[in-house]
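Required output: the full structure, derived from the provided sequences and hints.
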Amino acid sequence: MSQAVVALFRRPWIWSFVGALFVWLAAVAFTGGTGAGGMLTAALSLAVFTVIVGLGQMFVVTLGPGNVDLSLPANIGLASAVAMKTMGGDDHLIALGLCLAVGAGIGVGMVNYLLIRALRIPPIIATLSASFFIQSIDISYGRGLQIKPPDGFADFTNIQILGVPLLALIILVFTLGASVTLHRTIFGRSVSAIGQNIRAARLAGVRVDLVRFATYVLCGGLGGLDGALLAGYFHGANVDIGNEYLLASIAVVVIGGTSVAGGKANVPGVWGGALFLVLLLTMLNTFGVSAGVRLLLTGLIIVAVVTVAGGAKPERQ
Amino acid sequence: MQTPMAKLDDTLVRLGGVEKSFGAVKALVGVDLDIFRGECVGLVGHNGAGKSTLMNILAGVVAPDVGQFLIDGTEQRGYSPSGAKSHGIRCVFQELSVCPNLTVAENARVFHPSIRGFGWRRRAARLITEKLDEIFPGHGIAPSSLIADIAIGRRQMVEIARAFTVSDQPARLVILDEPTSSLDAQTAGQLLAHIRRSVASGLSCILISHILGEVLTTCDRIVVMRDGTVVAAGPAQAFDRARLIAAMGSAETKAERTTGPKAGLPRDGAPVRVRMRPARQQGDLELIAHEGDIVGLAGLAGHGQTALLLETFAASRRRNGRRNVTAPVAFVAGDRQSDGVFPLWSISRNIGIRSLAALRVGPFISQRLEDGLAGRWRARIGIRTQDTQDNILSLSGGNQQKALFARALASDARIVLMDDPMRGVDHSTKLEVYDLIRKEANSGRTFLWYTTETEELTNCDRVYVFRDGVIVAHLAGADVTEEQVIQSSFSGAP
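Chains as they are written, first to last, in this note's numbering: chain C, 217 to 533; chain B, 11 to 504.
There may be inaccurate statements among the hints.
Claimed, not checked - Here are some, though not all, of the chain B residues that point toward chain C, as calculated from beta-carbon distances under 7 Å: (1) 348; (2) 350; (3) 363; (4) 364; (5) 366; (6) 375.
Unchecked claim - Have a look at the derived ranges for each label pair, beta carbon to beta carbon: (7) B:158 - C:399: 25 to 35 Å; (8) B:338 - C:399: 52 to 62 Å; (9) C:382 - B:32: 46 to 56 Å.
Said to hold, decoys possible - Sample of chain B residues facing chain C (criterion: CB under 8 Å; computed from the structure): (10) 323; (11) 343; (12) 349; (13) 353; (14) 354; (15) 367; (16) 373; (17) 417.
Hints are computed from structural coordinates only; laboratory data are not their basis.
Note that beta-carbon positions come from the ideal geometry of N, C-alpha and C, so glycine has one too.
As structure tokens, then:
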């Protein structure tokens, strides 16, 4: 039993859950126990959106140093507009809207990789510059208007079963799929191999270009899905809807124990990291601290969690 | 165990009863070793015998768990790499330790913090160039070259020369771990001559090598290690090849050279598997390998052999390259750090990566099939580990190399490209791998085999000799001799 506990605490993702638990307990202690369950429900509802893009970002980061997708916020913004415009308030067009939003995201992913591969631009610059293009397309396409979702779609994103959001359950199943993909498929292994040593991966027969392409497309597609769901949850699309997911998507990957140096991904940690970030914000809001102090504390606490989680030693020097 | 007091004056380094474990693996179980001033000690033993661990202790990289460690008769406590440096102990590691993103001169500066102030780059360049000129006349290495841009053989030359350079701290003991593994015969000879000159002028050297000939001719004294301890030691004259092999362990004796019949040459009937020409090749010489051929790529190190292997690999991945490379290809890296090993993975995953498609059940990779594959090849090629789930870096260098062999041979590849693959592999394993290659060739696999060890070429059916990026000679059958190869690498005429 104690061995199982020790083994559990040697997993890098456990610390994000420990952190989430602590900030939740701190918030509950402050309110004297009122709203403890409500806090969790709200946290799950919001964390889902970070998890979706966090998973995409995790695959990209695992490709190795320098790989990151900075176009997610713009991608989310465009996809939310595409989804809302396509649905046009009509419940019958929900599926089509979702498909087109994901399609837009996939298109963004393809453009990203095209820039990286054909023009040999580092991913960080390629995805950043792509995001400017996407944003301007979004502005002219959405005309800065807030477009409402169909009622059926808005309701769907807000359904709860015994206090657990339906969306969270769906994404949990999806997360299990991502975990299997990572550990048990050729694609997942290839991503990890490329992240460790791209030259060796190529010489070991890994189809490096195809796998990198697929990874950026996957991340883009997830960004598109996230945009559509966010527009439903917040009752409307707008250009800035994805802004906070630039840093959040990277933060949950790192807090969750995925190696920034590449090659080592961590799926459960994305959930832990997302819950931790949302609950941290909830706690600080409960305390009623000012915006400046809130940002300061957010930064310090993230550093603390990453330091504790990063304590694991490599197996041999 | 104590040697007479009279000898203590000459003792530079004394290790007594040194033990070291990595987790459950006992790397050293009580090693006694004295190094005297002005002698060259040869250290031989199988992969995983503990040689590299022992040298890492002397270099200050690893601390012994138990045991006595004296330098100049003083017990060392809190010994570190900088401590090693201030005592004049220098190391040339088997895994090269020069920084690939820096130039040759900058790497020299990293090693000599005393070179500072205006013009440091020029002075560092002069220091390293003078030493390169002294050890390897005609080396052709510019001090302003990036390490990443020069071939592994030249990188090794830079690393070796750097260990012999002196600025403010003396060099008293230079440890060379497999220094000739990436060097061709000529540069290896230059290095061994330099070792003899240095030893004559009072320096001490430890030479670790699997090439027993160079140990026997270069060293004053030879120490044989097996299973983490010293099993034999004595003056070099007291040993010969057979005695060394016997001392190193029983695995040797069974595998005497069974090169086997070089069946049916030339294989005109068999289908052509590889047809390649170096980019700069003039005339009609081209490399042709049939099914079941073992084709050697020879010549001085870094003269285009690796480049041709990489081109062959690239051609096999291109649709329009299928005309010239007509079967699946696998690559066995010699530069295992940059071309071979996945450092975060287990031995099992490192072996399985080339065969993932065949290890699936439905769309998913089966752990059972993967471990089964690794287990079979661990037994077949003798990878020294208790558990293939251990990290690949828990293996010694030679055993990592065996895992890379296993990766290629376990795959569906019908053509195997080998880029000087025997670096750091011990003598008995080499013989076993030679046998394995011959068997695989007889069952229809094709091997393209670049090697810097001329002796190894006798395992090949045919040999192409390279010079300045092009093929200058084609030797077949009885013409494949050391003399012919060396002659062709210099004169270009067969």
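Violated hints - listed by number, lowest first: Hint 8 contradicted; others consistent.
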